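Student: Construct all of the structure, not just a fragment, from the sequences and the given hints.
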Amino acid sequence: MDWGTLQGVLGGVNKHSTSIGKIWLTVLFIFRIMILVVAAEKVWGDEQDDFVCNTLQPGCRNVCYDHFFPISHIRLWALQLIFVSTPALLVAMHVAYTRHEKKRRFRNGEKIDIEELKNKKIHIRGPLWWTYTSSIFFRIIFEAVFMYVFYYMYDGYQMPRLVKCDAWPCPNTVDCFVSRPTEKTTFTIFMLAVSGICMMLNLAELCYLVIKICMKESRKAT
Amino acid sequence: MGEWSFLGDFLEKVHKHSTVVGKVWLTVLFIFRMLVLGTAAESSWGDEQSDFMCDTQQPGCENVCYDKAFPISHVRFWVLQIIFVSTPSLVYMGHAMHTVRMEEKRKMKEAEMEAQQNKNGGDTYYQQKCSVAEKETKLSGWDEAGGQIILRGSLLNTYVYSILIRTAMEVAFIVGQYVLYGIFLETLYICQRAPCPHPVNCYVSRPTEKNVFIVFMLAVAVLSLFLSLAELYHLGWKKAKERCSRSYKASPSTAPGRLESAPQADRAQMYTLPPDFNQCLSSPNGKFISPFSNKMASQQNTANFATERVHGQEDAAGEGPFIKSSYVESPEVASECAAPAFPENYFNEKRRLSKASRASSKARSDDLSV
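Line order of the protein sequences matches chains C and D.
Under full-length UniProt numbering, the first residue of the first sequence carries the number 1, and numbering increases by one thereafter.
Under full-length UniProt numbering, the first residue of the second sequence carries the number 1, and numbering increases by one thereafter.
Since the hints were made in silico from the structure, they are not lab data.
For clarity, every value in this text was computed on a predicted model and none was experimentally measured.
Do not rely on the hints blindly, as some may be mistaken.
Stated by the list, open to error - With a straight-line cut-off of 16 Å between C-alpha atoms, the simulated EDC-like cross-links for lysine to aspartate or glutamate are:
hint	chain 1	residue 1	chain 2	residue 2
1	C	Lys-22	D	Asp-9
2	C	Lys-164	C	Asp-66
3	D	Lys-210	D	Asp-51
4	D	Lys-210	D	Glu-3
5	D	Lys-210	D	Asp-47
6	C	Lys-15	D	Asp-51
7	C	Lys-42	D	Glu-186
8	C	Lys-42	D	Glu-3
9	C	Lys-164	C	Asp-175
10	D	Lys-68	D	Glu-242
11	D	Lys-210	D	Glu-186
12	D	Lys-23	D	Glu-12
13	C	Lys-42	D	Glu-12
Claimed, not checked - Selected chain D positions facing chain C (in silico; Cβ < 8 Å):
hint	residue
14	Ser-50
15	Gly-60
16	Ile-83
17	Gly-94
18	Ala-240
C-beta atoms are modelled at their ideal positions from N, C-alpha and C, and glycine is treated no differently.
Tutor: So this is what it looks like as structure tokens:
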């Protein structure tokens, strides 16, 4: 999977984020995407080849693997990362639209400094504040949803060593053994912990933005 | 190695703002750990499970025995080690960037204040400059004139803590590796775990090659640990020296104190580069009132003089923690706020300082960008 494109897009958004947003982005790239690409994909690499069932019945192993792993952890994490990164694109689009508007006004003769337009950091105020805050809100929702999906699909966060399978065409209840269960549990818990940290960062950022705007309003009122 | 680019890009930025020992540590990390792991170790461990053979036909026995023998593969363990050991440097970089940003904001505010002041008249200029300079001395870890990071104050503390945490992580992972696997891998592993019906002989794939890499990675980890400890010792010594010089500076006679700090700062300039030509030409909004009447000529003279001095002093390097890459002008600033009268030789000291070079050392946007 090519995560470089995502890095390119999110790098642009980074300029207009708060400090907490920048920390979140760093955590996302180093502790989630990098771990996924460098380590986790190899751990899950042989998950079907080394899924062994105590039967000679052809097809039983396939069916049992499919029954216990409807969607692999790796693919779920990739989906999670994509969904969690997507709200930042909303912010990027809004910033691009704002710049486009300014350019249009500049072309129509209004005096706007073009250098400032290109390089100036756009402050999070007004409609951009709403876009940014809703993007963080959606990020939190997506993180929570995926954490729940993991819990529901795999009955907790621990990878079992032995699963008992009686799906057709297995003739009876068959013992199936999962490949590398301890290593997989370690990485599942690690990714869960980092998701939790990211969620905390998002909550902190949301609180920070709300408090900042409240203080500004109260200052305007006085 | 392309997979490591996410971390590599961040660490490149840390590289710019580290001490000499820190740069060596980062190079060791990149070459002897990341590169070796990505290219050699991965392929050596590639068939670790497929070629893990057990002397049994019991289905599932090989799986469970492999899982018991290797709860976490060496390669993944080293990946986690590299990431956790690099993380404190990222925290330091975050702090450094924050310092840069605060400084940029402060400079913008100063420029605005100045612009207003110039409109209203220059009477209160000295007073303003005094308050600005006072704020500057309070602002830790930043050299206003230099425009770069100096390891001082809270930034130095962050750097020291990051090295301490890095050292602790290194020790934890070395000990963890020893606890999990010992030092060497045995060829034969005897496994007793359900559903294996009895103790079963299992044979590890490529044990000798793996042992070579295990010993290599352990040695590099120990080397990194020593580098971190050396850096800590170096910084500790520097900090003690700084405290001594600061307590000397706080003595009643201010002029000798400034003289004391200027040569010290000069010694620290051995990492400086001569400013680019166009950066010499651009000048800020006349922040510094030089006592000299002909500004540009004296600036060029002082820049040339300082450059020669810097190159001459490069060999006398030893002051590690000062990583700023331009000339200090703080004595000049402080002097403006105090009395205008100072001894003759202090003027000679000041001539080294250049307004042009100050312009070259504004915090550039690419320096600590994320």
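Student: Name the hints, by number, that the structure is in violation of.
Tutor: Going through the list in order, the structure violates hints 4, 6, 7, 10, 13, 18 and respects the others.
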